[in-house]
Every structure is written in structure tokens, then in C-alpha cells.
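Participant: Based on the hints, put chain B in the right spot on chain A.
For the record, the sequence lines run as chains A and B.
Mapping the first sequence onto this note's numbering, position 643 (from 1) lands on 643, and the numbers just tick up by one.
Mapping the second sequence onto this note's numbering, position 18 (from 1) lands on 18, and the numbers just tick up by one.
Among the clues, some could well be false.
If chains are identical, the list can't say which one is meant, so a pair holds when it fits in one copy or spans any two.
Only pairs whose alpha carbons sit at most 20 Å apart, straight line, appear in this in silico PhoX-like list of lysine-lysine [said to hold, decoys possible]:
| # | residue 1 | residue 2 |
| --- | --- | --- |
| 1 | K583 | K511 |
| 2 | K584 | K27 |
| 3 | K573 | K583 |
| 4 | K628 | K614 |
| 5 | K324 | K583 |
| 6 | K364 | K610 |
| 7 | K324 | K210 |
| 8 | K234 | K403 |
| 9 | K364 | K511 |
| 10 | K628 | K665 |
| 11 | K324 | K667 |
| 12 | K396 | K354 |
| 13 | K654 | K614 |
| 14 | K396 | K584 |
Derived by calculation from the structure, the hints in this document are not laboratory data.
Protein chains: 2
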Amino acid sequence: MAVATTQSLEGLCINSIRFLAIEAVEKAKSGHPGLPMGAAPMAFVLWDQFMRFNPKNPKWFNRDRFVLSAGHGCMLQYALMYLTGYDSVTIDDIKQFRQWESKTPGHPENFETEGVEVTTGPLGQGIANAVGLAMAEAHLAAKFNKPDLALVDHYTYAIVGDGCNMEGISGEACSLAGHLGLGKLIAFYDDNHISIDGSTDIAFTEDVAKRFEAYGWHVQHVQEGNSDLAGIAKAIEAAKAVTDKPSFIKVTTTIGYGSPNKANTAGVHGAALGADEIKLTREYLGWDHAPFEVPDDALAHMRKAIERGSRYEAEWDERWAQYKTKYSEEAVEFDRLLSGRLPEGWEKVLPTYKPEDKAVASRKHSEICLNALAPILPELFGGSADLTHSNLTELKGFGNFQKGQYQNRNVRFGVREHGMGAICNGIALHGSGLIPYGATFLIFTDYMRAAIRLSALSRVGAIWVMTHDSIALGEDGPTHQPVETIASLRAIPQLTVIRPADGTETSGAYKVAVLNANQHRPTLLALSRQNLPNLAGSSIEGVTKGAYPVVDCEGIPGLILIGTGSEVGLCVKAAEQLTSEGKKVRVVSMPSWELFEAQDAAYQESVLPKAVTKRLAVEAGVSMGWCKYVGDAGDVISVDRFGASAPGGICMEKFGFTVDNVVAKAKAVLG
Amino acid sequence: MAVATTQSLEGLCINSIRFLAIEAVEKAKSGHPGLPMGAAPMAFVLWDQFMRFNPKNPKWFNRDRFVLSAGHGCMLQYALMYLTGYDSVTIDDIKQFRQWESKTPGHPENFETEGVEVTTGPLGQGIANAVGLAMAEAHLAAKFNKPDLALVDHYTYAIVGDGCNMEGISGEACSLAGHLGLGKLIAFYDDNHISIDGSTDIAFTEDVAKRFEAYGWHVQHVQEGNSDLAGIAKAIEAAKAVTDKPSFIKVTTTIGYGSPNKANTAGVHGAALGADEIKLTREYLGWDHAPFEVPDDALAHMRKAIERGSRYEAEWDERWAQYKTKYSEEAVEFDRLLSGRLPEGWEKVLPTYKPEDKAVASRKHSEICLNALAPILPELFGGSADLTHSNLTELKGFGNFQKGQYQNRNVRFGVREHGMGAICNGIALHGSGLIPYGATFLIFTDYMRAAIRLSALSRVGAIWVMTHDSIALGEDGPTHQPVETIASLRAIPQLTVIRPADGTETSGAYKVAVLNANQHRPTLLALSRQNLPNLAGSSIEGVTKGAYPVVDCEGIPGLILIGTGSEVGLCVKAAEQLTSEGKKVRVVSMPSWELFEAQDAAYQESVLPKAVTKRLAVEAGVSMGWCKYVGDAGDVISVDRFGASAPGGICMEKFGFTVDNVVAKAKAVLG
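So here's chain A without its partners, still in its complex pose:
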């Protein structure tokens, strides 16, 4: 098989992909869909000759993973899925491309369309997810494979475009992938010299191949990507043969290949061809099938993937059967992981504390929790973006995940927050029960917000461990002190944000986080730099409900103080003073808005009775959103400006986080 002519079997398959996409995009008529005219040959060769997957079982464990990082080109993936026989993408789904409730949304969404591994669209995310998928494979292979039985053994393939390559996140992830020597990661660079604005000559003239060599990747170049199928195949074989480096295959193509007037222009990047141009493209490529129809022999050829896939899977089942017999202990653990069954009683290792126990920072309690869980939950696998000893996220004794040491569990991400975020998403979406966690300073969630958002959207069971959570961090100053960060994260749908008040609440936070991860939901923990006293009334149970009284009074309170994290202790002290003056005060700790909102109305009413309108919230962050819980008659002690560089205690005092000020504001509320 050398070059694709329009009438060879390969050519018919490739054009089937092209024209399904053309017609689907034409019918949808909106947004920025990409047409896979140039990318179709490489994708065809990959799916037809190399990728091991079972269209009838998209969740088969040992399948090769495929990521279309250039997500706007999703019709490429949908077309391939339909042609190879996935049940999740029928011809009707293709016709419903980008319509309300369709299975073929405008960018690939793993939570909508079975068979799609990760959600892409925002550029650069997909290739970083792919790095995570490859890391998961390497880790599980090192953990479970035996010299005579390779249970975990698959490749991760990604297609990236110029856009992904311009994005900083892809550089971060690919630099790490090179450092880690991820030999089973193979990325195709659809080198078509066009982005939305036009030719890459306009803004992107770097030597991409050289940059990937600098990252330590194995680099190849297929010059005639539109037609040299044999060359593409050879490159993939060579890439697979290099086992100690990830591989980068630059494939030079023509965007809009086959369209006489629009090929190689920006115009074809983000718009439908239009009826006239489609006609010309049909003529050029010799295609006369009706819209959404493909030649029988092309379809039959593509559908051979079903039989192949079934065979691959059966072969692996046989391997798994042998493994279960020969390595039964490991097999039990492997099975537990894959079925997402947390070990019985796992949460019992999470400690609780009494007031007399030493006050340490919640980031320290987080370290204690992580290390208590680490031996019980081998699925915990993650690290920090170069702040390991500040975030306190090392799983002690479990080593660094490095080239040749993939069985280890501490990932050293380097100063690459956004890459870390998307890599963790990929690790979770490997679907093997691994629970990734990523850590940095809370303020630097700003660097990785897009990945955090995607973790919420695409049902990623990750834990975001964020420390140094307020002005109390002190001298690093306003560039590092979060004020609006927690509010901005609470705003993200489907993300649970927890800000624990002490050691017991930190344990509660981890209980929720692990359960969430197990249910494919992300959790973000906001942890203090400074020591926090252990409170008498705190509980793990209370955290799971999002808000609960830690101090109460007889009967109906006259005043409710609501605190989160480091401010709960302040509220407790203020309540003591107010109580000694005869006030009836309840102190509510509110570690998580989202968890509270998930409780039924009766519980919510029991914690924050509507009739009690005198409320004061205290949180070292912006007031935005607190009106929901304090109401028109309430008030907030907050930080509605940037912080300042000074010791943390001074900052807290200058910004009004003192017992005296809480008491004063409470009295003002009481009137």
C-alpha cells in the first residue's frame, strides 16, 4: 500500500471519512468545526493498521488510547468511530452533529460519547491528557506486569495541530513526557501551516521538531501526509520501536485537501465549505456518493475493526485468566482497582483530633491524611508543581515516578501547573481507578483553571490539593495571597471546594475527596499555611454535609456566625465572648458550599434557620456570594482588595480578622 489514489480501497476509506465530515459540518452550519481533509490519511492509517481497540467494547481495559487534541476537528473522530462500528456513533448521530442533546457534540466529550477518552476543544489540553494516559499505563504496567505476563500494555496516540503546539500547556506536558521517557506515547503533528488567523507564517515560525528534540522526544517527519500512507505507517512502526522516548511524528498535510479553492487557506479552518465548494471537492476527489453514504467496500473494510477488536480482547482475556491463576493476589488488587471498589473500611485511617492536640496547619493535616491513606489506597498517585515541601504532598516511602521507576507514586511535575492539571485529568480518565492529585499554591489555580474546569465538566476523579489559602500566608505578598480565588472556584459547576477548619475537618475533606474521586468527581481542597487550633465541635460527618454547627446554644440562636477554614476558630472565640455577654450564638463551620447545597431543605433549615436573620460570615476572602447565606440583615467580614506583603499574623490583624472585630461586627448586626 503506497499512495492513496481516490479509487483504491484506502482512498475510498479516507474519502469516506472526509465526506462524512464535510456533510455533517455543512448540515450543522455553525461554530468552528474543523474538516479532517488533511488529517484523514494519518488517522486512517493509525486506526486501520495500528490501533488496538474493540469498537463493541469501548471500555476494554487494554485498548490503545486515542486523543484528538485538536478537538475542533472532532468530525474526524466521529467519522472513524462510526465507520469502525462503535454503537455510540450511528449515522443518525453524525447527522445530528452539534445539535441539542446529540451524541456528536461540537467538541469531543467523554461524558457524552462512549469511546471518546477525554474532552478536548480548548487547545493543548488533549496532548497533556495523553501524557497522563501514558503515565497511567506506565505506572500500572510497572505495578502489575510480570516477566511472563504483560497485563498492561497499550499505546497512547494523539493528534495535535499548530494551535496545540503554540499553547504553553502542551510545552509543559511534553517537556515532562520527554523527561519521563514515556516510550509508548506517540503524537502526530498535523503540520498544515494554518491556524484560525491564517498561515503560521503570521505568528508561529519556530522549529517545532527541534523543540521536541530539545524535550528529549524521538522525532520524525512524513513529508507527504496527504498521500504517503506507507510513509505514515513506517513512521508509526519506527515510533513504536523506540521504547525509551515518546515519539513525535510531524506529518505535513494540506488543510482542506481536495477542496480546489479553499485548500491551504484559513477560510477552511473554521467554516463549512458551502454547497458550491463541496461540489468541486467531490469532482476533485472523484466522489459521487449521496451525503452520509459511504461505499460498501469501504465500510466493510473499516468494520473489520470489530472482528480484530474482538480478537484482541479475547487474547487479553486469556492473558488475564492466566494472570488470575498465576498471580492471584495481584489479580485481586488489579480487579479491585478496575472495578472502582475502595477497600473496606478505608476511611478509618483518617484521624480525628481533640482541642488539646497540637495545632498544626491544615496543609500539614493534609500530609498526614495523604500518608495515612497511601498504604491503604494504592490508587493515590500524584504530586506537586515544584512545591512538594510547601504543599506537603509527598507520599513518604513510595518513591518518585521517574523513567525506569514507574512503579513509584510521587509525581514531580516541575513548575508546570497547567500541564499538571491536564495530566491528572488524563490519569483519571485512563479509567483504571487511579486517583490522581495535583498540588500547588491556591493562587496558582489561576494558572491551571482551564484544566480544573475540565475536570469538573468531564467527570474526572481528581483531588486538587491547594495550600497557602489566604492573606495569612504573609510575606510572599499580594501576588501570592488568594482573595478572590476560592469564590472563583466555587463558581465552577460540578466542582466541590472544601476549606477545612482543623485536623478533623481535613480528614472529612479527604473522606469526601476520595469518595468523589471514586464517583468521577473532582474536589479542591483549600488549605492553610498557618497553624489552626483543633476545635471541640468539628467532625468528619459535619464536613460531608458542607456546613454544620460547631458551637450551639439553647433553643433558637439570636445570632449565627458562619466561618470557613482558618476563620472558624476566630468565630468560636468571638462566640465565647458574646455568650459571656448573654447573647445566644451558634457558630456554623461551612467548609463547603457545594456539599451544603446538596443537602435536603430540612437539613439546610436546621443549620441556617430562615427565621434567624442575624448572621455574620467570616472568611479571609472576597464577600462575593456570601449574601446568599447571610441575607439582607446579615454582614460579612471579608477581604475585598488585594493583600499585602507582611507577616501573616499582621496581615490578618490589619485586615480585621481579630476576635474584637468579629465581636464588634456581630453586635452591629444584632443592632
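Facilitator: What follows is chain B alone, placed relative to chain A:
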């Protein structure tokens, strides 16, 4: 001058820098300050032999710009500023390092310490700012310089560390810098093989120099950065001689150089040395001056910068005098720019509209405003991150800013949102009156949030032009549809967010944005993809007040509908219906919370009278924060979940943004 021995004059100067830092960090005792032991030699050579600046006039226009991208090492910069004679950093300021209200905060802050060009700390921002500073220089030079008079002629120097080089943002900015051939940008890479977590062997083993070659930079390597002052000087000379590429000088150093036990360890990266180690370092480096004392001859030598600086400035003043005589028209414009005087009546070009005028999208109105302003405000200089024809941000006829075409005004940033953000910050902080603007889809503010935050913190007069602002954008789906984005941006202090309802309001938004920029404040515009009808009651004046009635009734309203952007028109229609049913309805357009909060209490009361408690807000975004304006008795029509992939009109309808639903919810509020 060859190698620095501890007793040579150079050695005394370098050790003065080192020990000022050591003692200041020791005294402050907290956070993650960096010690400039290894970086001091290169910084000394740069400031002593090459940098042209006047310590007594930090705002002298033609000064070389210096950026410490590795901002945690700020004691390096403060020490240099003190030693060379800046009034803004006295020895007492050095002693107050990282204390409340000190002029030497924990990371360099341009708004705190005169002479500091940009605010760094968050890694990667500084080098990207430096790219912006160099772009500003190139642009102004191309605009104003004459063959016989180079009015604008300075270098931009930056020091970056491993952390900055790992961050994706730096790759984005440096790739663009290479493409643009910014020959007067010179970056030093403090190559000390250490980051916070330890040796770079742990996570960062790429070939950085090769990567910068791939970006198209001129690359050099000084092997003995601790002592080879002549080598450093030679490299700077060579870098200056290369005029068509930015230069990268990798300087291999030892972190913590001079500290016998802590040199070359991560321990010295983020902590004070401690009294014992300081003693040993003093012995090692032969230093016996009291803390905060430097040898007279070292100080005298460094203070020669004052005389040099005064001479450079006088020389330039002479050039400027000649320029004013010979090129008086250009001189008038140059002077206008630098003094920040907007042209008389500039805002008159902003159009207003009547309801009968064609309804177009606010992103289209934005394009009209930008192009109306472009000839009147030559300071407008910016572009889009590869979405020029979607964001509609091209200044037509003003060409692309490219290598050799620096006089042009349209910047093609490529798919590099975060780099764009920090570059724009640098352009604004060049301090020459340029008003940069950066554009992408509103959702992708997530990619550049850290830079937007810094624009607010560090008083950057930039305009963030963000289009495709809600679920109404349609088919690109939930990965692209903002729901929580506007709320998350409103949460940032000192950032004005404006979401205009129609053409007239978009003009109002630009009036505010330009005035803000002129006063060194950033503005973010949220603009629609879809067409918006022009409203009868909208006004530019109203926008400047943040909220105002666009429809009113006789006397006190029974109900107030509050809308923003695309939802105001919906409120107006709903009000018509409710009014026809006898209700007394006011419709308030609320394009900007921040602008409204800046009005006095009387105005706020006039728009949203406390007595009128029946209120309904309508915005296609999350409800977070709206309780502040609708109160306990009010309600919100919002989107508190992720969006969906479907045509925009369908999305709006399915999510409840219909006249019928507004009417129904309004009636429910009325009870």
C-alpha cells in the same frame, strides 16, 4: 576585569549585593525569598557595565528596562537599586524587607517601589512582560525614530530561572519573540540546576538552549557564571551585536554560592541561611562587614551610576531637543503620548444607535469602536490570540506588527492567551502611553487569568476584549460556553468588567475602557457572538455609572428587572408585557458591577431603591453574587450548570432565557 576575587572591587560589589540580601532575608525570616548568591555576578556586570538608567529618575523615558522574572529573588533587585542610588530603596527599606507597608515587598511590585518596572513573583510572567516591553520599544522606535535621530533606543534585559523556563507562558512569549525578531531583548538564564523541589534532574532535563534556538533566538553559554565576569560581559556585547534576534544567555551558576553547606541545594532556594551558615559564608567569601553595611569603595563605585545616569539622560534630552526642533509634528505626538494626554474630544467618534439601526453582535460593535478610535488614538496597539476574525479586533489598514514592520499596530499573538496577557501588561508598563488590548473567547480568560489578575494588581492600562460570552454562542458547546466566567472575573479586585447590551452601550464600554487605561486600570469587555437589538433607553452615560434604568415607570416601581448584556433586551420585552398587564416595571441595565459600586449612595439608591424589594435579575451566567442586588425577596434567572452543544438560540430557550420565562418568574417574585 577577569574573575571576581573576593577582594577585588568587583568582588566587593558583588558580595555587597549578596550580603545585603542574606541579612535582609535573615531578618525577614519567612516565605520563599531567593538569595542572589549565584545570580549576583551576572546582575552586577549588567547593571555596572551595560544598563543605561538614571537612579535619580526612574521614569526617564529611554532607560533600559530590567525585569527580574525570577521574582522571588527580589532582594537582588532591591540591593542593586539601593547600591546604585535609587531614592525608592534606602537601607531602611532593605531592613524592612517583607514587612507591612514596606517599599521592599516579598516580590517586586511596580506599584509599590518606583524603579521596579513590572510585578513578578508568579513564574513566567516577567519574561513575557519583557517581551512586551521590547515590543513597545520596537513599535515606538519604528514610529518615531528618524534616520538622523534615534529617539527611542533602549534594551530590555530579563533574568529568568528554571522555574520561569518550565512555565508554559514563557514558552509562548519567547516563541513569539523569536518570530518577531526582537533584537533588543536579552534574557539571562540563571542556570543553577535547582528549583524548589531540588535538582532539576528531578523534573526538568530538557535542553533549554536548544529549545531557544528552535524559537529563533541567538543563544550563548557562559560556563562559569559565579566568577567569569569578563565572559558575562563578552556575552552581553555579542548579544547586543545581534540585532535581528532576541538573545538568550545561559549562565551556569551555583545557587547559594559561597555558602559552604547550602550551596547547590534546594534548601537554599526558599529559606534563609540561618545564623550559623551566614557565619560560614562570611568566612568563605571573606566578608566581615556588619549586617547591612557595605564597604565604602563598593558603594562609591556603584553610586557612579548616578553620574552616568545623569549623563545618559542629559544626552537624550539633547536628542529630544533637536527632535522637537527638526520634527515638531512628531514631537508633539510623542509628547502627548508620554504625558498620557488623550486627544481632545476623542470620545466623540464613538457611535450611538437607535432601535431602528440594524442589530449586530456586540463583538461587531466592538470592532466598529476599535476602528473608529484607531485613527484618533494611535496608542491603541494589540490583537487576538489567533481569533482575529471571530473577536473582530483588527484595526483595518494599520497592518500587522511583524519583524521589520514594527510600526504596524495589529499584533498576531497566535494561540498563546497567557503569553498575550503578560505581553500586554509589559506593553502598558513600558509607560509610554500605549494602550494594549488582548482578545480571545471569554472562556479562554481561564488560560490567562493570572495575567489578567496581575493587570489589576499592577495598574496596567490594558483592555481585555473577550467575545462569545455565554451559552448563546451555541454549537461549540460546554467547553467553550462561559457560565461562571464573568462572575469569576468580577471577583478580581481592581478589574472593571463591562457587559454591554447593545451598540450604544458598547461605545460606553470603550469610553470607560480608554479612560481607565489612561489611568492605569484594566477593563474587561464581555461581548456577544449573536446579534443584539439596539435599545431605546441605552446610553453611554449610563454605562459609565455601571447601572441605570433603560425603561422606567411613573413613581415607585413595583418590580425591577435587572439585566446585563444580551439579557437586557429580554427584560425590556418582558417589561412591555408586564406593563400591559398593569404592573409598574423598571428595567435596569447593569453593564458593570464595579462601576456601579463606585457611584455614591444616592445614585445607587436612585437606581435600586431599598424600598423596592421585588427584583429579578436576568443573566446568562451563574447566579453567584446576584443576591447582593436582588436581595432576599428577589430572584435570578441564571445558568448554574455547564452549557450544551446546540445552536445558540436553542440553548437560550432551553435554559430559560425567553420572554415568557422572565414574565413568569417576575410574577412569582411579585407573589
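Participant: Hint by hint, where does the structure go against what was stated? Just the numbers, ascending.
Facilitator: Violated hints (numbers, rising): 1, 2, 5, 6, 7, 8, 11, 12, 13 and 14; every other hint is consistent with the structure.
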